[in-house]
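Enquirer: Below are the chains, spelled out letter by letter.
There are 2 protein chains.
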Amino acid sequence: MIAEILATGDEIRSGALVDTNSAYIAEKIEETGINITRHNCVGDDEDELTAILLELAERADIIIVTGGLGPTLDDLSREAAARATGVSLVLDTKVLEKIENFFVSRQKKMPDSNTRQAMFPQGAAILENPIGTAPGFSLKIKQGTFFFLPGVPAEMRKMLNEQVVPRIKQEIKDPYYYETRTISTFGLGESALEDKLSGFSGLWPDIKLGFRASFPEVQVKLYQKNSNKKALVKEQEEAITWIKEKLGNKIVSLTGQPLATVVGNLLIQQKTTLAVAESCTGGLIASWLTDLPGSSEYFLLAAVTYANSAKESVLGVKKTTLEQWGAVHEETAIAMATGANKLSGSTYAIATTGIAGPAGGSPEKPVGTVYIALTGPQGTKAKHYFFPFAKRQLNKKIFAAQALNLLRLELLKTDEKEQKLTMATLSSNKNSNF
Amino acid sequence: MIAEILATGDEIRSGALVDTNSAYIAEKIEETGINITRHNCVGDDEDELTAILLELAERADIIIVTGGLGPTLDDLSREAAARATGVSLVLDTKVLEKIENFFVSRQKKMPDSNTRQAMFPQGAAILENPIGTAPGFSLKIKQGTFFFLPGVPAEMRKMLNEQVVPRIKQEIKDPYYYETRTISTFGLGESALEDKLSGFSGLWPDIKLGFRASFPEVQVKLYQKNSNKKALVKEQEEAITWIKEKLGNKIVSLTGQPLATVVGNLLIQQKTTLAVAESCTGGLIASWLTDLPGSSEYFLLAAVTYANSAKESVLGVKKTTLEQWGAVHEETAIAMATGANKLSGSTYAIATTGIAGPAGGSPEKPVGTVYIALTGPQGTKAKHYFFPFAKRQLNKKIFAAQALNLLRLELLKTDEKEQKLTMATLSSNKNSNF
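Heads up: the protein sequence lines correspond to chains B and F, in order. Quick note, in this note's numbering, the first sequence goes up one by one and the last residue is 434. Quick note, in this note's numbering, the second sequence goes up one by one and the last residue is 434.
Be careful, since some hints might not be right.
A pair counts as met if it fits within one copy or between any two copies, since identical chains are not told apart.
Here are the simulated lysine-lysine pairs, PhoX-like style, with alpha carbons at most 25 Å apart [claimed, not checked]:
{"id": "1", "residue 1": "K319", "residue 2": "K342"}
{"id": "2", "residue 1": "K196", "residue 2": "K108"}
{"id": "3", "residue 1": "K221", "residue 2": "K196"}
{"id": "4", "residue 1": "K140", "residue 2": "K234"}
{"id": "5", "residue 1": "K319", "residue 2": "K28"}
{"id": "6", "residue 1": "K318", "residue 2": "K94"}
{"id": "7", "residue 1": "K365", "residue 2": "K246"}
{"id": "8", "residue 1": "K391", "residue 2": "K158"}
If you're looking for bench data, these hints aren't it; they were derived computationally from the structure. Fair warning: this is a prediction, and the values are worked out from it, not measured in the lab.
The shape of chain B in the complex, shown without the other chains:
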């Protein structure tokens, strides 16, 4: 059984908009074990649309179409589907009522044009849209089963996951269970990860291993397929234990959480707080941390001290330190971290100072140089790193991630100590590798 994807719309066809829907759909459909053979895209042209629907009906068993379900005249998926099937469009009064209610609830009058969204090719099964006005529909054209979904990503995703994927699973009467597990890692590139896990496929031939860069992190993905649910779970547990042994603390999260989330959760668990002093990362660490709801529980402040004078006036870095060592130095990083710590009364403080480029580098301190300091109950330390990236924004990201990772490793040590203490109290042997 094979599937294809069709994205429609002039914005995508002409390149005004990058099509992110097709990648999302491909991933979800492949997780059901069905092979995606092609992606396609055409614009808002009824003849083109009708022609490609007929081609797809010949080539694929399942076809997911996005876009063209809006209220305006260039939304033509309904018309093209009806033409390709050789039926006419009929009004669904129940759907019309829902659309009218949608506008009533927002205290607005429904424009006449929205009536078009309640028209469907005769024989189509309606797919409800719980968060927008554009319902989708499914329809058989020749041998192909088509699912028409809106182009708005949030609506498409919800409808795909809640209505389309379950129906496909039911339809294919697939005897297998599928599961995808994502592990986030930091500190190794894709090929280094591949090397470290090189024995994997021999040990678990039923689990497909994948690597996906999500800069500066890399995700390790386990794609599983098994007719026995219990066997699948057991196999996953064993595989993860093996991966933990191989990758150790390069693993950021066994559930795919990114660095900032993991660090935030550790701080909350340990009931500790954080202050940040940023120079070269320019507020990125703070912005990542505050992207997470609830960050105010642990995040006290960030001082983005770009100018030397700000390092002095805000963080209390001594003029002599700056004069003797310069702004980019481990002594300065340490003074920044301890300054932020004192200023806020936080449990931990991290500081970054470096050269993000493109200008400001020197033979001794080339672009990509960064000093990161960490202070906390275990003391204060600073580390020097060098990353050979040419781009300013990539450098900011890798510097920020490296700082969060340094803090993560420190928090894990505390976590391990606490766990060992608990373990000892419980006289238990169930110790985690992590």
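Given chain B, put chain F in place with the hints provided.
Expert: For chain F alone, coordinates are given in the frame of chain B:
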């Protein structure tokens, strides 16, 4: 004359990677006046690849293919192109030498597998890759002219712009000049912009108008086509003057620059400096500003004071202010801005305090409420805004953009005064609307 795009590779087909290349190519090709009718994508499968190349050769005049030019066995574009054309692959010794030199210059030995990158279908014209090891090639299959480019975006873009687009322009002997002009705006949605510019197409029937959301900004795009270069330039000037009248200071930049860049440039031009005090925006303003090279010229510091205690200790906000008004209030915003200003000695300071959500809202101050303060040579003011977004990260972005926009409008006033002064001195009437 029509064109199609083909993206190849299992990463894109399976959804592990979003295909950004096709949108880029579509935009560049459409700028030459050639219509893109379809995008296609297949995986690393030689039969599938060969089949789609033959289909494309029947359907389109020009076909741009990306991916499958690497050194590994799953890079199959060369083989499929040769099969589709009915020729064999031949080694190009000059290209091989270049690839070997590429490795020598990096003090590495060339792996044998890279020899594959010097193999081309007989009769193909080589497209040089100035920044990577994978050269491309062009080839005629039936009536279609194919351009095979690497999948790495930076390499693909450079080769497309420098080698493919000029060759296409030459080949189509197109008598027209094309130009795309991008205007960035802030403060109006796409449909509001469309309304304000509703008379445009009647006045300039030769210029196609487009709107592109780049949240929280919206870009207005002018797509021009004219056989007379002078007429094109004159028409663009007139159209832009008309748009400036209609949109006024909603225009952020007439050359498509985003808010942070425009604000940064104005600060540099006016030889002024900036300090930022961020609560709800959590470092995002600082991170946007420091994404730009040279920001250290004007950006002194940002104090991301999430905790009330940090607002007091860093910015000197009075305990009584916080107790009387709360953290989310215009008095607090003003105290934060003036505090940052004093601390840094900056010319200007902006401050944000609000509720980004999802928690923390109340009936009086719902999620989406923000107070923004600005202090500078013209005095101090605070404004209250409310944005009905449900998502924390969207709120952070719109709050941050609103703060930068408030500063932009203030800097423009200064700019206008200076301009008027210069104008008066020069006794000139050439005053700008902007």
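Enquirer: Next, verify each hint and record whether it holds.
Expert: Results for each hint:
Proximity of K319 and K342 under a CA criterion of 25 Å is satisfied in both settings, with 18 Å inside one chain copy and 19 Å between copies. In this homomeric assembly, K196 and K108 come within 25 Å of each other (Cα to Cα) only across copies, at 22 Å, whereas the closest approach inside a single copy is 59 Å. In this homomeric assembly, K221 and K196 come within 25 Å of each other (Cα to Cα) only inside a single copy, at 14 Å, whereas the closest approach across copies is 49 Å. Taking identical chains as interchangeable, the C-alpha atoms of K140 and K234 are never at most 25 Å apart, the minima being 39 Å within one chain and 53 Å between chains.
Taking the shortest alpha-carbon separations for K319 and K28, neither the intra-copy value of 57 Å nor the inter-copy value of 52 Å comes in at or below 25 Å. Proximity of K318 and K94 under a CA criterion of 25 Å is satisfied in neither setting, with 72 Å inside one chain copy and 59 Å between copies. Taking the closest pair of Cα atoms, K365 and K246 never come within 25 Å of each other, the shortest separation being 34 Å inside a single copy and 50 Å across copies. Taking identical chains as interchangeable, the C-alpha atoms of K391 and K158 lie at most 25 Å apart only when they sit on different chains, with a minimum of 16 Å there against 36 Å within one chain.
Violation of the numbered hints given earlier is confined to hints 4, 5, 6 and 7; the remaining hints are satisfied by the structure.
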